[in-house]
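Q: If you want the building blocks of each chain, they are given just below.
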Amino acid sequence: MSITENTFKRGINKGAKTIVYIGKVLIPVYFLVTFLKYTPIMRYIADFFKPIMHIVGLPGEAAVPFVMGNMINLYAAIGALSALELTAKEITIISVMLCFSHSLFLETAICKKVGVSAWMIIVLRQTLAILSGIILNIII
Amino acid sequence: MSIIAILKEALLGSLSSMWTVVKIVVPLMIAIEIIKDLNMLEKIANFLKPLTRFLGTSKYSIIPLLSGLFFGLLYGAGIIIDSVNEGNMKKREVNLVIIFLASCHAIFEDTLLFTEIGANGWLILFSRLFAAFLVTFLASKTKYFKDDNVNMIEVKNETGAK
Chain A
5 MSITENTFKR GINKGAKTIV YIGKVLIPVY FLVTFLKYTP IMRYIADFFK
55 PIMHIVGLPG EAAVPFVMGN MINLYAAIGA LSALELTAKE ITIISVMLCF
105 SHSLFLETAI CKKVGVSAWM IIVLRQTLAI LSGIILNIII
Chain B
4 MSIIAILKEA LLGSLSSMWT VVKIVVPLMI AIEIIKDLNM LEKIANFLKP
54 LTRFLGTSKY SIIPLLSGLF FGLLYGAGII IDSVNEGNMK KREVNLVIIF
104 LASCHAIFED TLLFTEIGAN GWLILFSRLF AAFLVTFLAS KTKYFKDDNV
154 NMIEVKNETG AK
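Protein chains in written order, with my numbering: chain A, 5 to 144; chain B, 4 to 165.
Bound conformation, chain A alone:
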């Protein structure tokens, strides 16, 4: 096989479809988090998660993109992250944590489909996320 016009057509087609999909997730999440920021609700969320997030060197409100990333997907997490103001170090820490653990419903289902234990995968990914957060908070 070789590269033809079709290669590019397929790529652009898939890109366009993906963009529509991402927009449907990212834009509502961005709106939600922007509104939350200006309500007391964000303060409650931040205060509630502060002790846990402190372990990985993140402010309490970073729990919002982390939860969104795990429950929905990385595009939701990116929408939520962009709406918040975090430092470069904080963004790197939460990005690594999210890369280890995201889209848990969908991706665990995929693992289960090929016969791998769902619990093992969830525990593995959460452990990697938390450990990486703790280690990165110390070294950077």
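Please keep in mind that the hints were generated in silico from the structure rather than gathered at the bench. Please note: incorrect hints may appear among the correct ones.
Covered, in the sense of this in silico footprint (three residues per stretch, anywhere, with C-beta under 8 angstroms from a C-beta of chain B), are these stretches of chain A [said to hold, decoys possible]:
1) 10-23
2) 36-43
3) 80-86
As the structure is a prediction and not an experimental result, all values here were calculated from the model. Virtual Cβ for every residue (Gly too), placed ideally from N, Cα, C.
Guided by the hints, dock chain B onto chain A, whose structure is given.
A: This is chain B only, laid out in the frame that chain A set:
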């Protein structure tokens, strides 16, 4: 802050985030199609075969591993199902490959997206690859993943239905 100002912030902010994503996803999708059409995975696979010894897997694991690493978990799992149906991959190996891919997949897309919003991309890439190799290596040494023992969850035949 007035509701209009908040709406404006949300609208402009979300559109600018979308642009960030578009800039990465569209060229990446084209790049992926080029990689597929040039059969580049097979070429890279030959080169990387020695790595599978470290992971405790056979040569059949390399294409599923690379597909998942480059194109995502879903794509990698699809290739795994094909390999299982062709009788090339056993339960033990499927578990090891999935352990690797659950820890690290879609490395181009994820890394570029987070780099674009201000994260250190090299640190993301290195952390994920390091963790995936370490965890898979350790898993391959445990009794549970040593060989195809009966306690392992069956790879169901129904997974063949695509």
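Q: With a cut-off of 8 angstroms between beta carbons, are at least three residues of the stretch 10-23 of chain A near chain B?
A: holds (count 10)
Q: Quick check: do three or more residues in the stretch 80-86 of chain A have a beta carbon closer than 8 angstroms to a beta carbon of chain B?
A: holds (count 4)
Q: If you look at each residue in the stretch 36-43 of chain A, do at least three have a Cβ nearer than 8 angstroms to any Cβ of chain B?
A: holds (count 3)
Hint violations for this structure: none, all hints satisfied.
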